[in-house]
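Participant: Please build the complex by placing chain B on the supplied structure of chain A, with the hints as guidance.
The chain contents come next:
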Amino acid sequence: MEHLFLVFIALPLVVGGAVLVGAWLLTKIMPGDAAAAKAAAAAQAAAIPAHGPDYARLTPRRKAALRTGIVVLLGLALLTIVEFFLAALGSTALMFVIIILKAALIMYFFMHIAAVWRTEEAH
Amino acid sequence: MTAVAESYQVQTRRNRMGFWLFFLSESFLFGGLLVARYYLWGNTRPSMEDTVIGPLHISYQVIPLMITAVLLLSSFFMNRAEVAIANDDRKTFSRSILLTVLMGLIFLLGVLIFEWGWKTVDGQIVLGRHISPTDGVFGAVLYGMTGMHALHVVSGLVLLMLVWNLGRKGHFSPEKHWGVEATAIYWHYVDLVWVFFYPAIYLIGVGVHAAGH
Chain A
12 MEHLFLVFIA LPLVVGGAVL VGAWLLTKIM PGDAAAAKAA AAAQAAAIPA
62 HGPDYARLTP RRKAALRTGI VVLLGLALLT IVEFFLAALG STALMFVIII
112 LKAALIMYFF MHIAAVWRTE EAH
Chain B
450 MTAVAESYQV QTRRNRMGFW LFFLSESFLF GGLLVARYYL WGNTRPSMED
500 TVIGPLHISY QVIPLMITAV LLLSSFFMNR AEVAIANDDR KTFSRSILLT
550 VLMGLIFLLG VLIFEWGWKT VDGQIVLGRH ISPTDGVFGA VLYGMTGMHA
600 LHVVSGLVLL MLVWNLGRKG HFSPEKHWGV EATAIYWHYV DLVWVFFYPA
650 IYLIGVGVHA AGH
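Going down the list, the sequences are from chains A and B. Under the numbering used here, the first residue of the first sequence is numbered 12, with each subsequent residue one higher. Under the numbering used here, the first residue of the second sequence is numbered 450, with each subsequent residue one higher.
If we strip away everything but chain A, and leave its shape as in the complex, we get (with noise of 0.2 Å):
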């Protein structure tokens, strides 16, 4: 019945807690920056047309966003091959940490989850 319990209701428990909280920590250790986006967004306005090729090749902030993107990409790699390693040494309690990591990456910089409570559009 313990074992049960555990199973059924703990576990899930735990482990959908962890995430929120990981996601949650991350909104706050790097919240959006939605007044310092909308200043960047306004001088990149003002400063070259809002739309065209130009405008594709220059903007600061998207070459961010892809350094981003890469920078998370290269952090899930590592976090998979020590993943792959730790299991040869069965330490699965290490394994979840490292699962928490690679889905609050993957929810906080891919899913944008910070942005669900942005009141201002700063995508």
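If you are wondering where the hints come from, they were derived from the structure by calculation, not from laboratory data. Accuracy of the hints is not assured; some may be wrong.
What the hints assert, rightly or not - Output of the computed footprint for chain B on chain A, the stretches with three or more beta carbons under 8 Å from beta carbons of chain B:
hint: 1; region: 74-85
hint: 2; region: 109-117
Claimed, not checked - Beta-carbon label-pair distances, calculated as ranges:
hint: 3; chain 1: B; residue 1: Leu551; chain 2: A; residue 2: Leu105; range: 30 to 40 Å
hint: 4; chain 1: B; residue 1: Leu551; chain 2: A; residue 2: Thr79; range: 17 to 27 Å
hint: 5; chain 1: A; residue 1: Pro71; chain 2: B; residue 2: His620; range: 18 to 28 Å
hint: 6; chain 1: A; residue 1: Ala75; chain 2: B; residue 2: Gly491; range: 38 to 48 Å
hint: 7; chain 1: A; residue 1: Leu24; chain 2: B; residue 2: Gly491; range: 31 to 41 Å
hint: 8; chain 1: A; residue 1: Pro71; chain 2: B; residue 2: Arg617; range: 23 to 33 Å
hint: 9; chain 1: A; residue 1: Val32; chain 2: B; residue 2: Leu489; range: 23 to 33 Å
hint: 10; chain 1: A; residue 1: Thr79; chain 2: B; residue 2: Trp627; range: 26 to 36 Å
hint: 11; chain 1: B; residue 1: Arg617; chain 2: A; residue 2: Thr103; range: 40 to 50 Å
hint: 12; chain 1: A; residue 1: Ser102; chain 2: B; residue 2: Leu478; range: 26 to 36 Å
hint: 13; chain 1: B; residue 1: Gly619; chain 2: A; residue 2: Ala104; range: 25 to 35 Å
hint: 14; chain 1: B; residue 1: Val511; chain 2: A; residue 2: Gly101; range: 33 to 43 Å
hint: 15; chain 1: A; residue 1: Leu24; chain 2: B; residue 2: Ser622; range: 35 to 45 Å
Stated by the list, open to error - Quick list of in silico lysine-lysine cross-link-like pairs, PhoX-like style, CA-CA up to 25 Å:
hint: 16; chain 1: B; residue 1: Lys625; chain 2: B; residue 2: Lys540
hint: 17; chain 1: A; residue 1: Lys74; chain 2: B; residue 2: Lys625
hint: 18; chain 1: A; residue 1: Lys74; chain 2: B; residue 2: Lys540
hint: 19; chain 1: B; residue 1: Lys618; chain 2: B; residue 2: Lys540
Backbone N, C-alpha and C fix where the C-beta goes; we use that ideal spot for every residue, glycine too.
Facilitator: Same frame as chain A, but now just chain B:
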């Protein structure tokens, strides 16, 4: 800001919230499968023999690692496509979406062939199932997990092709591209689910041969 643009932003915010509630409901589905895996398999998992292809000796663990890497890479290209359309760069958007689709297909075929259409006999590859859905808890849970995830990959690929086609026809702009954003979030969700499934299926527990279970 015009009233139309403002209302689009408000609508997008509502869409985002609705989409995340949808993911919450989906997480119960995948969470249920994960719970079934940990309850029924415990500290074991189904395993195959290592495979020999010509002079190559391929460890059983390497192929899932490779297809996982392909899926992670596809998420990067999806992110690149989203950034491109937000900056009105349609060429990069189109190429990135197609690369995402290609990698999604490689992942899908990798899982289908590796798990559903391939077995090893004395280390050699033979067509056929190394485990079938009726092979006890191992087969049922393995097919349930990989099948449900593959179904989401397929629906993600359909969405990607729809978005690519709409983008090709000139839909979406830097200001209005919720369709691309939603598809990107969906694709990353598929990736997110695999982050939990990959170790649960291939890494955690002691590998045992499924036959007879």
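Participant: Hints first: check each against the structure and report whether it holds.
Facilitator: Status of the hints after comparison with the structure:
1. Under the rule that three or more residues need a Cβ within less than 8 Å of chain B, the assignment of the region 74-85 of chain A holds, with 6 such residues.
2. Counting residues of the region 109-117 of chain A whose beta carbon lies closer than 8 Å to any beta carbon of chain B gives 4, which meets the minimum of three for the stated coverage.
3. As the Cβ distance of B:Leu551 to A:Leu105 is approximately 34 Å, the hint placing it in 30 to 40 Å holds.
4. A hinted range of 17 to 27 Å for the beta carbons of B:Leu551 and A:Thr79 is consistent with their spacing of about 23 Å.
5. Checked against the hint of 18 to 28 Å, the C-beta distance between A:Pro71 and B:His620 comes to roughly 27 Å, which is consistent with it.
6. Evaluation of the 38 to 48 Å hint for A:Ala75 and B:Gly491 yields a pass: the beta carbon distance comes to about 46 Å.
7. The given range of 31 to 41 Å is broken by A:Leu24 and B:Gly491, whose C-beta atoms sit roughly 20 Å from each other.
8. A beta carbon spacing of about 28 Å between A:Pro71 and B:Arg617 agrees with the range 23 to 33 Å that was offered as a hint.
9. As the Cβ distance of A:Val32 to B:Leu489 is approximately 28 Å, the hint placing it in 23 to 33 Å holds.
10. At about 21 Å, the CB distance of A:Thr79 to B:Trp627 disagrees with the hint of 26 to 36 Å.
11. Take B:Arg617 and A:Thr103: their Cβ atoms lie about 46 Å apart, and the range 40 to 50 Å holds.
12. For A:Ser102 paired with B:Leu478, a C-beta distance near 29 Å keeps the hint of 26 to 36 Å intact.
13. Under the hint 25 to 35 Å, the C-beta atoms of B:Gly619 and A:Ala104, about 52 Å apart, miss the expected range.
14. Checked against the given bound of 33 to 43 Å, the beta carbons of B:Val511 and A:Gly101, roughly 19 Å apart, lie outside it.
15. For the hinted restraint 35 to 45 Å between A:Leu24 and B:Ser622, the CB-CB distance of approximately 42 Å keeps it satisfied.
16. The suggested pairing of B:Lys625 with B:Lys540 holds, with an alpha-carbon distance near 17 Å, which does not exceed 25 Å.
17. Distance check on the hinted pair: A:Lys74 and B:Lys625 sit about 20 Å apart at the alpha-carbon level, within 25 Å; holds.
18. At most 25 Å may separate the alpha-carbon atoms for a hinted pair to count; A:Lys74 and B:Lys540 meet this at roughly 16 Å.
19. With a CA separation close to 12 Å, the supplied pair B:Lys618 and B:Lys540 stays within the 25 Å bound.
Checked against the numbered hints above, the structure breaks hints 7, 10, 13 and 14 and satisfies the rest.
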